[in-house]
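Q: Once you've looked at the hints, dock chain B against the given chain A.
Spelled out, the chains give:
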Amino acid sequence: MDSRQVVPQDDGVGKVHMAPPIREEIMGQWRRRRGAPSLDDVAGNGLINRRALLGRGFAIAGAVGAAGTVTGAAAEPLIDAPWSLEFGQITPPVQTPSPFEKDVTRALSNPNGEFRNSHARTPHHLIGGTVTPNGLHFSINHCGIPNIDPAQHKLVIHGMVRQPLEFTLESLSRYPLVSRMAFVECAGNSAPMFSKVPLQTTVQMLHGLVSNSEWTGVPLSMLLDEAGIDPKAKWLIAEGADAQMLDRSVPVKKAYDDALIAIYQNGEHLMPGNGYPMRLLLPGYQGNMNVKFVHRIKVVDQPAYSYFETKNYSQILPGGKTWRFHFVMEVKSFITHPSFGLSLKEPGLYAISGVAYSGTGRISKVLVSADGGKSWGEAALQGPIHEKAFTRFVMPWRWDGQPATLLSRAYDDGGNVQPLRTDFVAQRGEAVNPVTTPLAFPNQHYNSTTSWAVDNKGEIKHVYA
Amino acid sequence: MSTRNVIAATALALAFGAGPAMAQSPGLGKPLTEADIKQWDIAVLPDGSNLPPGSGTPAKGAKIFAEKCSACHGDAAKGGVAPFYPALVGGQPLTNGIDTVKTIANYYAYPTTIFDYTRRAMPYNMPRSLTDDEVYSLTAYILALNNFIGQDDVMDANTLPKVKMPNRDNFIMPYPDRL
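If you read the protein sequences in the order shown, they are chains A and B. Residue numbering for the first sequence follows our numbering, beginning at 1 and increasing consecutively. Residue numbering for the second sequence follows our numbering, beginning at 1 and increasing consecutively.
Excised from the complex, chain A in its bound form (with noise of 0.2 Å):
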């Protein structure tokens, strides 16, 4: 179409207004003449060059404006609303989220207490940025949360070191504090795409037991090196303080790396899901490992093949052999913008965005398609890009209102990149049995793409392309 010829539609009740892909003619034109960055396609379907988001925000915020001014849409004459006329609700002391967001909310797997383990899963799809609040931080608890005293609570610290020491809430809190960004995951996050079958649910439910804070707390280094650890100690048994005492071994090679003891999450003292007043944090390992309630920890010369390090937290290979110790939560993307359960409304400019991580380092490049992975456009990445930690990634798409199928696929600093699912499975093996519910855990560790598919309406389906 010449977008010369570009005429605004009258709707017939007063509002004048283009569709979309004629607007964007216009933005084309517009853009063209200030020297913007091209909304030429980068990728097939419709994924747009991401650089035009990067300049600053510019370019699609100021194409928009162009076209309004081109339109000259009158809108509804504008009226105050009711909460604008009155004096509004007191100020709380906490406060929390609208009444409006009632539904944004984590999914539990044992809503009524049943006398078994608990997991709540983020809601991905409902939220923005890269920070999780800490009410909706994912959860997952063996024997129920302890009610934890934290002037009572104790952190010792023995075995092969010189001198065992007791630390308190109060006396870590003198230290001199670290904060970083981290991204903590289950090492079952993702589990139901071992299913041969794509389940019909939403990023949540897949990929829901992963979250990321700014944590805060005491190098382990510094307080090991004050036990005076014997250079021959090679693990550590970190212990928590719940029902089960929850233990796991670490290498000490890893609490010299950049292990905490972290008592604050995202500013606040941490959450009693998540592992209040004190947990292990160790950035990139399985969250499992990441001890909550921490109260021991002690040096040793060898592993203690716990219960969840022998059994839960392993996995099966094809053919029979199994992986023990395997620690690091891989490479990993996904979309949640759009995902299983948003729909799309209309035709037009979206940006399609997710979360991106990597138990190894940072985030380089994400890499998108809109046509099932037949080609790739980069997309944006948002920065500050941290080690182990969310980075959010956009790209913009104009979706022509046909089928199209998005995936996002990571790469990190150290050469690793997510694999497609095909390759993943090819490798780590699908599960046999059908995989009913989202809330099973056929095996450990899945990282491969997820796909989602928009069809002609703007449903979109969870598919494995």
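These are calculated hints, taken from the structure and not from any lab test. Note that the Cβ used here is the ideal one computed from N, Cα and C, for glycine as well. Don't take every hint at face value.
To be verified - Calculated cross-link-like contacts (lysine to aspartate or glutamate; reagent style EDC-like; alpha-carbon spacing at most 16 Å):
1) B:68 / B:134
2) B:30 / A:170
3) A:321 / B:169
4) A:311 / B:169
5) A:154 / B:36
6) B:30 / A:346
7) B:68 / B:132
8) A:253 / B:177
9) A:154 / B:41
10) B:60 / B:133
11) A:154 / A:166
12) A:232 / A:301
13) B:60 / B:177
14) A:253 / A:214
15) A:457 / A:346
16) A:234 / B:177
17) B:38 / A:166
18) B:63 / B:133
19) A:345 / A:459
Unchecked claim - A partial selection of chain A residues facing chain B, derived with a Cβ cut-off under 8 Å:
20) 83
21) 107
22) 116
23) 174
24) 298
A: Chain B alone, transformed into the frame defined by chain A:
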């Protein structure tokens, strides 16, 4: 030293390794002896380190199991009470698929894991209420049910670590460089 100097010194110490960090650390830990920690010091290692005194037999374990464990794990540890309470006997070969249910028989690498987890976490509603002799007996009972020891074998700090689990040598470490 001002707070800022402490932070600067700490940053330097972190940059240059453990030695300087030791010199500059606040040192606010309260000294303890291993005797002070004894009640908490329950982790048992696969070579048998830290196994307590005491002993038990499958026969004694069977009685304790019927009383304190079978409500969840089923008669003779066969499961079936609820999907989330596992059977403790038997198991399919791991070659059946990556989603094979992991059991003591088909998966565990060391018998000490059974002792350790039973002592720290079971019964689910009354953790650490079992005596060490009871834990030895329950461990012996489960091992005998799975035919890994004889019906009359006594389990103690000496005999338990010697029991070889079938899957022990079937593990691969994907990232040995990280240990």
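Q: So, for every hint listed, does it hold in this structure?
A: Going down the list of hints, with the structure as the test:
| no. | hint | verdict |
| --- | --- | --- |
| 1 | B:68 / B:134 | holds (11 Å) |
| 2 | B:30 / A:170 | holds (12 Å) |
| 3 | A:321 / B:169 | holds (9 Å) |
| 4 | A:311 / B:169 | holds (15 Å) |
| 5 | A:154 / B:36 | holds (13 Å) |
| 6 | B:30 / A:346 | violated (65 Å) |
| 7 | B:68 / B:132 | holds (15 Å) |
| 8 | A:253 / B:177 | holds (10 Å) |
| 9 | A:154 / B:41 | holds (14 Å) |
| 10 | B:60 / B:133 | holds (9 Å) |
| 11 | A:154 / A:166 | holds (6 Å) |
| 12 | A:232 / A:301 | holds (7 Å) |
| 13 | B:60 / B:177 | violated (44 Å) |
| 14 | A:253 / A:214 | violated (23 Å) |
| 15 | A:457 / A:346 | holds (8 Å) |
| 16 | A:234 / B:177 | holds (12 Å) |
| 17 | B:38 / A:166 | holds (14 Å) |
| 18 | B:63 / B:133 | holds (13 Å) |
| 19 | A:345 / A:459 | holds (9 Å) |
| 20 | 83 | violated (45 Å) |
| 21 | 107 | violated (18 Å) |
| 22 | 116 | holds (4 Å) |
| 23 | 174 | holds (6 Å) |
| 24 | 298 | holds (6 Å) |
Going down the numbered hints, you'll see the structure goes against 6, 13, 14, 20, 21, while the others check out.
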